[in-house]
Structures are given as C-alpha cells and as structure tokens.
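**Student:** Taking the hints into account, I'd like the entire structure generated from these sequences.
Top to bottom, those sequences are chains A, B and C. Start counting the first sequence at 333; every next residue gets the next number (my numbering). Start counting the second sequence at 87; every next residue gets the next number (my numbering). Start counting the third sequence at 32; every next residue gets the next number (my numbering).
Fair warning: there could be bad hints in the mix.
Computed cross-link-like contacts, DSBU-like style, restricted to lysine-lysine with a CA-CA straight-line distance of at most 35 Å [to be verified]:
#	chain 1	residue 1	chain 2	residue 2
1	B	152	A	782
2	C	106	A	488
3	C	142	A	772
4	C	106	A	772
5	C	124	B	114
6	C	126	A	481
7	C	124	A	551
8	A	488	C	97
9	A	679	A	906
Pairwise CB distance ranges (calculated) [claimed, not checked]:
#	chain 1	residue 1	chain 2	residue 2	range
10	C	141	A	970	42 to 52 Å
11	A	563	C	35	24 to 34 Å
12	A	792	B	173	29 to 39 Å
13	C	141	A	713	26 to 36 Å
14	A	492	C	120	22 to 32 Å
15	A	390	C	54	25 to 35 Å
Every beta carbon over 12 Å from chain C, so not counted as near; a handful from chain A, in silico [unchecked claim]:
#	residue
16	363
17	652
18	734
19	978
Rather than coming from a laboratory, the hints here were simulated on the basis of the structure. C-beta atoms are modelled at their ideal positions from N, C-alpha and C, and glycine is treated no differently.
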Amino acid sequence: MEISDPRDYYIEEASELLSEIEARIVDLEKSPEDYELLNTVFRALHTIKGSGSMFGYDEIASFTHEVETVFDYLRDGKLLINKKIIDSTLMACDHISVLLKNPQNADKELQEKLVASFRELMSKVQEYAPHTAEPTPPLAEKTQEEPRKTYRIEFKPGREIFLRGIKILPLLNELSDLGEALIIANSDELPNLEDLNPEHCYTTWTAILTTSSGINAIKDVFIFVEDYSRIKIDVIDEGDVLGTEDDYKKIGEILSERGYMNVEEINKIISKKKLFGEMAVEQGIVTPDKVESALAEQKYVREMRKRRNEVQTGSTIRVKNEKLDYLVDLVGELVTLQARLSGYANKDGEAELLNISETLEGLTSELRETTMSIRMVPLTETFRSFFRLVRDLSHELGKNVELVTYGAETELDKNVIDMLKDPLVHIIRNSVDHGIEHSKDRAALGKPEKGTITQGAAYSGANVLIEISDDGRVLDPEKIRKKGEEKGLIKSGSEIGEHELFNLIFEPGFSTSEKATGISGRGVGMDVVRKNIERLRGTVEVASEKNRGTTITIRLPLTLSIIDGLLLEVGDGKYIVNLSDVVECFELTGDLLGISDNNSIANIRGEAVPFINLRTLFSQQDASEGNMQLVVVNTEDQKTGIAVDRVLGQTQIVIKPLSIAFRNVEEVSGSTILGDGSIALILDVNKITQKAREEKTSRIAK
Amino acid sequence: MLEIEQKKDNGKIVLKLKGEASIENAEKIHKSFLQFINNNETLLLDLDEVEKVDISFLQILAALCKTLNEKKGEILFLTSLPKPLEEALIISGYFRYKHCIFDHGKSCWINEMIRSTEGG
Amino acid sequence: MGKKALIVDDSASMRQMINFTLDEEGWEVAEASNGKEGLDQLHLTHPQLVITDIHMPEMNGIEFIKNVRTASEFKFTPIIVLTTESEKSMQEKGKEAGATAWIVKPFTPEKLKEVVKKVCG
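**Tutor:** Below is the structure:
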C-alpha cells in the first residue's frame, strides 16, 4: 500500500468539507430550520477540527472549534440562525482555507475579530461557558518513575462485563507487565455447571504487584473497566523503607484488611492455637480460596522483603570509587616491587631473604585477590535495567518481546560493568529493533508470536562470557558478503567462512547509515561496540543460524589489571599467559609430534592438539636450539598448544596497555613490566587458539 | 470459530474442541458439557486443537470440574496441556501454585495435566 | 486466521491514519464512512474489532454502536469510540450504547496501538 503524507490527505479532505459547508450554508439561508442541514455543517466542522488536531493543524482546530460550537447550539435549537451567523461562517470558511493552504498569509486580526463575533453570539445562550483554551492533553503521557512499592489490587469485574466487549486476560497481562506480579484468581462465586451463565464473569482477582510505575499506571490499566467493576488498590509494602525484618503481616491481618473477616472472628480462631487459615476455613468464616490468596500475599511479600534485605543489610559500607581505584594502583605497584624482590632474592640465594620474599609473595597475592573482589559486582543491576529498555522499545515499535535472563549473579569488575553498559544497550536495542520481527511476521514464519531476547553471563576460565541472543531474523550471509565487497572489506569472490563473514558487521565502515534497515540494521554501530569491548581487553563475536537465532558473545577478562601469569621465554623475548588458562606443560619431544609431519599438531594421550610455535609467530631468529616446551591452554573446551623455549614459572603481573609497536599484533593483548624491569607481552589465548584452529583446518584442506 | 466433535471410545464419550474456546462460543461449549455431568460419568476431553482460551472458558472448565467432583464423575484429558490453555491458566491466576483451583486431589484433570507436562 | 478490524469515520484522513496504524499491527482493515455503511461492512467482514467516530451522516456513531451490540454475533466484540476533548458527554453516551473503550482526539498512532492492545490483547 502506497502511503502518502496524511497531511496532504487532510488538506484535500478539509478543502472538500469547506466547499460542502459553503453550499449548505447557502441552502440554510432558504430553510433555516432544516435540522439535517445544520447537522451536516456541524459534522463537517467537527471533522475539520478533529482531524486538524490529529495532523498538527492546531490553529485550525482551535479556530474551527469556535464555529463548531455555534452550530452545536444551532442544531439543538438554542440559537437561531441569522444573516450575521451565515456571513461570519462563510468568512470563517475562507479563513480556514487560508490557514490550510498558506498559513503565513493568514490575517490574524480577521481571525480575532471572527472569534470575538462567534463568542458574542454564544454569550446570548444561557448555559454557555466560554471555551477557555484548555491545555491540550500531552500526546505522549509518560508514566513517572516512582519508588518501588508493592500494591494489592482487588479487582471484581461486574457480572456482565463480557457483554461490553471487555476482555480480561489482556488486562491482567498488562498489569503483570508493570512489574513483578502475583495474580490470584478467586472463584468462590462460581456456581455449578448447571447454574452457570457461561457469558457472565464470576471470577474475582487479587494481584500483588511490585512496581516503580506508580499508582496512576495501575489505575490506567483498569480505565475502561472501572465503571463496571469494583477496584481497590492498596499499598502493602513501601519499597523504600529499610525494614530489618523479613516478616510480613499475619494471615488474620491480611484477611481482615481485605474485609473477609472481622476482629471478633479473628480472636476466636487465635484462641484455638491452630493454623489460622485452616481454622478459618473449618469454621466456615472464609473460603479456602480466600485463605490461599492471603497466604500467597504473605509468601510473596516475605520473599520480596527477604531479597531486599539481603541486598541492603549484611553490614556494608560505601566506599568511593576513586579510593578503590587508588587501592588497586597501590596493589599493582606492590606486586611489581614484590616481583623485583623475588628476582633479587633468587639471584642472591640467601635463605632468610628468600623466606621473606616468599612470605611477601603470598601476602601480596592475597591482598591482590581481596582488593579485586571488593570491586567485583554482579551483573544483576545491569541486566535488570534492560527489562525497562526492552519493554519501552518493544512498546514503541509495537513488538511483542520477552527478555530472559540467566547468570545475572556473575560478577565483574565494577569499572568493566560501567563501561559495558553502553555496548550492551546497543546490542539489545539492535535485537529489538532489527532482530525481532513483528508478531504477524513471526506468526507467518511459524515462530511464536512473542519474540525472545536472552541475556546471560557465565564464567569461563579467567573470562566472563556475556551472551545476548534473540530468536528474530538471522543474518543473511549473501547480503553481508555483498555489502562487505561493496565496502571493500573483503575481495569479491574470496572464499570466506560464514563465521568470519558474519563478524564483518563489527568492521568500521560496514554499516554507516543511521537509518539502516533490515539486514544491515544489525550492523549499525557495531564497530563502536567492538572498540569499546576491546578497550576492556575483551572480544566480541556474532553467530547466526536459522532456527537458532542470532547470538552475540562478549568475552571479558574477570579483572582489569592484575593476574596470575605463567612466564614463558622464546629467544630473548618474554611472554605471559594467564595462569587460569593453562592446563599442563610438556617437553615437546618427538613422541608428541608423532602424528604430525609439519610441526603443528601434537599428540597428547591420543588427542590431536594443534599448536602455535612462538618462535615462528614472533620470528625470533636467535632462538635456541633443542627441545621446546609445550604449554597447553584451554579455552571453551578447546585445547591448544603454545610452543616456547622455556617455561620460567609463575608470577603475578600488572597489566599495562600495549605500546604502539604491538598494537597490530593480534595475538598480544597487553604487556607488563617484570620484576627486573624488562617487558613481557601478554598473550591473547583466544586469538592463539583461533589461529591454531585456522591453520589446522587449512592444512587439512590441503 | 469453534467445532465440537463428539464420538465414543470404548463406551466412553470423547469431546474434541477445535478452534476458539472463547466468550463468543461460551454458550455452545457450556451446552455441550451440560450433557455429561450425570452421576459417575467419565468424560474424555481433547483440547489439543484449541487455539484461543479466555476467562469464560476457564470458568466453564472450573465449573465442570467442580460439578463432576461433586457427582463423583470424572474428566480425563486425551492430550497434554495445550499452549493457549496453559498461558491463560498462568496469566489468569487460575494455575495457582501449580495446582488446580479446586485442589481436590487425584481426579482433577488440571492436576493431571500439570503432571503430564512436567513428566515431559 | 487474520485479525479483522472495521473503521467507521466520515473523515477519510482519519480512516487512512487508523488503517495504516492497524495495518502495521497485522490487522486486516475494512472502512466505512458512516454508521449505515458500517453495518453493511460489519456483516460482510465479521471484524473482531470496531472503531467508530461519533458525528457522521446517515447514521451516527451512537446509533451504530447500539446496532452492533444488539447483533448477537457482535455481543462481545470490542468497540472503540473516538471522541474529542470538548465532548465528555459523548464518552458517556458511547459507553451507554455499549462501547468498550474510547480514544480522545487528537491521538497518536502509538496511543491507538496502546488502546487496541489493551482491548484486544
């Protein structure tokens, strides 16, 4: 369907209506009491006004309102038509026409004069109250964010509510969407099947809702049913009050608060010293449904309070970020100094000095870990904030999207989390915007109408993996290839795997258009995402598969600055791998190389492990001859070997950014200064693994 | 649109509902259920092809459940819990604590359904 | 089976705007410019949602709503009535006639979607 600007449509329509009004007015002169004629003019004016306000012609809307009011009264016989009205109306029509087509030429004075004359006419009508320019309601009513509170909402729809076209399930759904909700149906009043009027509503509901949307948002849910229902909303827990107790009201209190029981009845039961709810039912005071509903409320609030108190209590103090950062810096310096001492002590060989050095090493290591753990924060808050984001975005786009979370308890350095937020927002935005399809399109594809976005986190060795996946549109390799070729990112016709192809979306210049749609939309701003993640020494990848959807995986180091490393030597170069990635070390003997004719695959207990020779990788000419050592690392269940001259041992290191000279070496992620003042390069185990796999496959292919 | 098929299986009556089990068809559903609430009757229900469920249908089912329970009758379902019904039960709060709203023990078909879905 | 909606309004630009908005949401839309045509369309298209203006020639919105509600097929069909800020009384009249919900003009496509979602799910 070709949709032209609705404003053009409106101008055309209003012009037609204006000429209709003119024609009718002339007829009215002849038969002034013709109701149908008056009504036609009224309707035409009403439409000009109503549609005018819709399409942004506010001036026309407010001016036409004055004329419309006159015809409303004429129609009701409260005013009689006369020559003056006819003349003014015709002039008003001309004026509207000008406002419509050349608003800049509109005669303001004339407009005021006309308004004055219409108002004067009206002033003769008794009940007329001048239309004081009411503030037009703001078009988009934003719901105010309020402190989180828990409400009890009791909703008793009228028996005949279905006969008004009202559907209850969407309403309850809307209520649930406002926050965390517990909805309990009460069917006490439901009769036997014989007596049931299937078109009546017998069910009533109690909802316990924790939300920061405020009471008006809750009332808004019921706006179309409030006239035919009984609705009672109470705050049962003020989320901002720091309660030290997890406990909540007794069942009797809840039942009486809801008006199911009175004090006398309560006391009677308490005296029996039995389970309150059970007794209340036994004695026929309340129904089991009502007790169950009260129990549900009690359980819900208790659990919520418990959760909240776990967060708030546990005796914590707040510390300024800067102080923590400074502490980490100091620990870093201490670690470097300790490494120097340890180097010196080893060389010197004096027993007491060695002893002191070792003790200091242990303490430093503990101090380091404790310091780092102070800065570790779970992803909970970050993930939680995305529920709002997804809700608002999907609302705005008219999509039906559910956000699922796992592993929110995974912890990361606070600074990492802060810097991660923007890239994550961007990725989730892309998923809602370009990934998830509209419900009808999904239905046509045989997918569930509700799209699902999953955000999750998990530990993986020294890394944290964060995954954002969605079950929406998948990436189209052909389109990406075409685009990549267009942008000169790959050679046309070059053989390139799907994985590599998809990851082109992170290349700068892959998608620059702000208004990208469809497939390219996924790529918008992804280069910035990658840049931000790399700044955190992390990596980002995308995988996309039909039936499985699209997953963006971010891999981040657990900590920003200090790690336990394994120091390696090749020629006169020193390298570090993160100790937690290392599985084992071997002497690289002929036995290990048995199955390999090209020195790239080792046979470890029957398992073929590809390896990378650092001598080759860093072109160390002066490398020593003889057997090498093989360090086996494990990333995501893939073993890879790194062949080096010597393994020097374990050491704590402070990660420093790379000097410019190494920025282009993919396999290196950072550097560090060793105790003796020399520099060691930190190897990126993931990149090395990837490289080893690629070489393996390319060899096998040959 | 709603179709109700009725057939006999081993002497027992099987009712199959196909389509929209919603307020527009509430009267029709109610009528067809009313025939089977005699004493000690076992009714087999097939809801596998129900596409839409609303409160009116939940009410009818609950009333049927309640009535048959009183009359020592029984409903058995032939399929696992259909998606639209499951969703409606959850949203509406009828699926409370993973129990049937009437919580009347083993003969309840909602409880049965929950068991069957949990068992895979 | 697709969702069908019927829009009854004498303003073509209003109809177009609503039609376009609902179309985006996956509705199949029928249009009528007054209550009488509306009733014809109603029995022709069997919609699951009716949106109607009030002031229209031939048959106004209030009469139209009453007619829809009394047809047994449409006893439970959601009806949204369009009113203006200056006519609070029309909201009441619409409700009396059997309307399910209302939208006050001027409104944005988003507001329309919101109300439709509220009413139809």
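**Student:** Quick one: which hint numbers does this structure break? Sort them smallest to largest.
**Tutor:** none
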